[in-house]
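Let chain H serve as the given structure and place chain A on it in line with the hints.
Read top to bottom, the protein sequences are chains H and A.
By UniProt numbering, the letter at position 290 of the first sequence is numbered 290, and the numbering carries on one by one without gaps.
By UniProt numbering, the letter at position 74 of the second sequence is numbered 74, and the numbering carries on one by one without gaps.
No wet-lab data here; the hints were simulated from the structure.
Beta carbons are placed, not taken as given, at the ideal position from N, Cα and C, and that holds for glycine.
Treat the hints with care, since some could be wrong.
Some chain H residues near chain A, calculated using beta-carbon distances under 7 Å [unchecked claim]: (1) Ile19; (2) Asp132; (3) Thr144.
Computed beta-carbon distance windows for the label pairs [what the hints assert, rightly or not]: (4) Gly151(A) to Asp305(H): 52 to 60 Å; (5) Ser153(H) to Gly151(A): 44 to 52 Å; (6) Gly122(A) to Ala188(H): 24 to 32 Å; (7) Ala244(H) to Trp67(A): 54 to 62 Å; (8) Asp211(H) to Trp67(A): 46 to 54 Å; (9) Arg26(A) to Thr308(H): 27 to 35 Å; (10) Gly311(A) to Glu104(H): 24 to 32 Å.
Number of protein chains: 2
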Amino acid sequence: MANDESAETLAGVGEFAVIDRLVGQRTQPAAVTVGPGDDAAVVAAGDGRTVVSTDMLVEGRHFRLDWSAPEDVGRKAIAQNAADIEAMGATPTAFVVAFGAPAETSADDALALADGMWQEAGRFGAGIVGGDLVSAPQWVISVTVLGDLAGRSPVLRSGARVGDTVAVVGSLGRSAAGYFLWHNGIDAFDELRRRHLVPEPPYGQGRAAADGGATSMTDVSDGLIADLGHIADASGVGISVSTAALAADHDALSDAAAAAGADAWGWVLGGGEDHALVATFSGAPPAGWRPIGTVLDGPPRVLVDGDTWRGNAGWQSFA
Amino acid sequence: MANDESAETLAGVGEFAVIDRLVGQRTQPAAVTVGPGDDAAVVAAGDGRTVVSTDMLVEGRHFRLDWSAPEDVGRKAIAQNAADIEAMGATPTAFVVAFGAPAETSADDALALADGMWQEAGRFGAGIVGGDLVSAPQWVISVTVLGDLAGRSPVLRSGARVGDTVAVVGSLGRSAAGYFLWHNGIDAFDELRRRHLVPEPPYGQGRAAADGGATSMTDVSDGLIADLGHIADASGVGISVSTAALAADHDALSDAAAAAGADAWGWVLGGGEDHALVATFSGAPPAGWRPIGTVLDGPPRVLVDGDTWRGNAGWQSFA
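Next up, chain H with everything else stripped away, as it sits in the complex:
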């Protein structure tokens, strides 16, 4: 190779040339009036409101580059942010991404990260409209997502009412199972290990829940019981969940749990990062949603089969 190897690192290629590669050849959605390349982007906000949320992923804490390909990291970063918008009953429309990485990072890896982001955002017609590229001791990816309620009222965590049905859509426990398998070097159950690297939120179901009369909603990022606890706290209600209604989730993980000597219920009830949606409905949940419990009188608490859950209390950032 005649080329200097350093030319293929972020430092060798240079910030502005890397950015040119990152934003080149991308087709922005119609909602984007001004895309990357100026001081800021301009995005349509059709109903006069913007829904906004942000998440930061730190290498070694939220992902490992010996487990995840850069594309996987990009897909995960977009998916988990998009799920926050879904959980409001809105549709994600645009993302901005700040990426910190060491100077010796390969420019190809940075491009692959961006490719994964565009691939995931493309699943619901959104684009990456802007970003920042900086030097950092390890990879740090900070994504902010904008969403469109299209005239709907936002579905908050605080709207659950006594007697509502609790329902879920999307997978539970897969990411936690996958993490356990990766962490313990169990080289099987590829689909579960894959789900830990790239979650699959039920895109479009947040909007469906809002249209279907959801009274409260959140996405399962910390763990089902922990996230239902957020709804219980915000709404001032109790929530009762039935394991019988979650048998299918448990059964999907039982082989892996047996092979790994773990408890599948811990994954189903305590595992986060699948970004399923959980909501409460005064009537019947929309098609595809699985009823798993009911809303009780206060005080705020979450009961499993009538009892306090004593397993994993969910993800904590500084634990």
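Here is chain A on its own, set in the frame of chain H:
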């Protein structure tokens, strides 16, 4: 003290309790329909568009905690993002902030960071509407800002036309001078050292420039010549700057330059991070803007007193 000292760290207080402290007692602006505490925030976008930009600041790279108080870091992070919105001719309305920090970080320092952010955002009536708090090996702060064009057309970098007047508002070279003083341990010129820690963008002047017919605009984040280069490239024009028109900026730094054995012109023409605004106008610039040059025929280039600038080419992330 009877309290366990560890209780005052992020790990001791815990993620959710820290977030409660961070968002408690804050008054959100009227544009914020849903504030912190749910999966996402909802912000008014009055004219059906949202302006959005993001910047990441990494400890040791963009700030040093032995130079800056946490409040200063918060103010800087908000100021530099707000300047990107000003540079489009818009007004910053809302911010989301992702904050990564070691578990042993003091909760008081995290609160002081947030206080600085609220203080700076309050200067133009904006609020922090959401965020993320995660564990990281060093402080990483990623800010995304939303802005409101209030019906105006965004002022892009690409609109400069031959014969336009180039004008600037806000300070030049102060942050670079301050950095040089800090870096060389020169314990004088407090105001310049202060300006390096907390820039003072000319809030409101981006909107004034748009209303005053600005044909192109950017903020001085990389350095005057480098940022004018971005306008020259995007507009396909040359830009000529006169040092005579910048004499006041030079003179304000000459004592510090003499004491430090440095070149004040390097700071004025090459120093970034003051977040002044520079724009082009087909007519007279608005009140408070200083004419500093003219727009020439292409090719894209920036001339200083008719010649190529051979000094500091501006900030590069991986240099």
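Going through the hints against the structure:
1. Look at Ile19(H): its Cβ only gets to about 9 Å from chain A, farther than 7 Å, so that hint breaks.
2. For Asp132(H), the shortest C-beta to C-beta distance to chain A is roughly 5 Å, which falls under 7 Å, so the interface hint holds.
3. Checking Thr144(H) against chain A by beta carbon gives a least distance of about 4 Å; that is within 7 Å, so the hint holds.
4. Restraint check, Gly151(A) to Asp305(H): a C-beta distance of roughly 57 Å satisfies the suggested window 52 to 60 Å.
5. In this structure the supplied range 44 to 52 Å is violated for Ser153(H) paired with Gly151(A), their Cβ-Cβ distance being about 26 Å.
6. The hinted window of 24 to 32 Å between Gly122(A) and Ala188(H) is violated, with their beta carbons roughly 55 Å apart.
7. Restraint check, Ala244(H) to Trp67(A): a C-beta distance of roughly 60 Å satisfies the suggested window 54 to 62 Å.
8. With their beta carbons about 52 Å apart, Asp211(H) and Trp67(A) fall inside the hinted range of 46 to 54 Å.
9. Against the hinted window of 27 to 35 Å, the Cβ-Cβ separation of Arg26(A) and Thr308(H) comes to about 33 Å, which satisfies the hint.
10. In this structure, Gly311(A) and Glu104(H) meet the distance hint of 24 to 32 Å, their C-beta atoms being roughly 28 Å apart.
Hints 1, 5 and 6, counting from the list given before, are not met by this structure.
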